[in-house]
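K.L.:
Sequence:
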Amino acid sequence: MKTELAIFPLPLVLLPGEYLPLRIFEARYLDMVANCLRVEEPFVLSPVLKNNQTEEHLTAIGTTANIVEWDKREDTTLHIIIKGSQKVLIDQPASKSNGLIIAETTFINDFDSELSDEEFGFLKKSLETNGLYDLLKVTASSKSATEIAYEIASLIYLDPIERYSILREDTGAKKLSLVEKYISKYVNPEKYTTLH
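Its first residue numbered 1, the sequence shown is counted upward by one per residue in the numbering used here.
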């Protein structure tokens, strides 16, 4: 099912389930936030992985963002906290007269499954090997591979292209495999300061 939603291009990747604070100051995005709050609908955060933030440089995949908190400041800026909800395909983006981009979006449901005991064991060993004992709590409850991949990826430092590669994968197992690869590549077991 296609839904027309406002697109917010930013040089970052919002993962489903992740919270993110944003400072809004441009008129078109202040209007977008006001409209989203009024009609109770999300907007789409679309990663821009090139220097120029235009519809030509939008990625094909983004994440719907629900506004969970907002605070109007005296300097006319708006501070909001968003929560990533659903992975979407962005199609036919077009700019309105005020510069806001609107696009047809289609919700994407990746193939997923619960992790087996063997997969849980492998993930826990990978986290322990890399000194990430704090992240073991993420695997404590029985969750899908996709949920665990997104949760861990939101807690460690990854650059936007790495985060986008996780979002883009179409199965939970592939997402988790990438997370494990990035953990072993970037984390020094002696000194792990990449946690937010």
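Careful: at least some of the hints might be erroneous.
[Claimed, not checked] Derived DSS-like pairs: lysine-lysine, alpha-carbon spacing no greater than 25 Å straight-line: (1) Lys174 <-> Lys143; (2) Lys143 <-> Lys83; (3) Lys181 <-> Lys143; (4) Lys83 <-> Lys72; (5) Lys124 <-> Lys50; (6) Lys125 <-> Lys72; (7) Lys124 <-> Lys143; (8) Lys2 <-> Lys96; (9) Lys143 <-> Lys125; (10) Lys174 <-> Lys185; (11) Lys50 <-> Lys185; (12) Lys174 <-> Lys96; (13) Lys50 <-> Lys83; (14) Lys96 <-> Lys50; (15) Lys83 <-> Lys125; (16) Lys72 <-> Lys124; (17) Lys2 <-> Lys124; (18) Lys125 <-> Lys50; (19) Lys50 <-> Lys143.
Hints are computed from structural coordinates only; laboratory data are not their basis.
K.L.:
Which hint numbers does the structure go against, in order from smallest to largest?
P.N.:
5, 6, 12, 15, 16, 17, 18, 19
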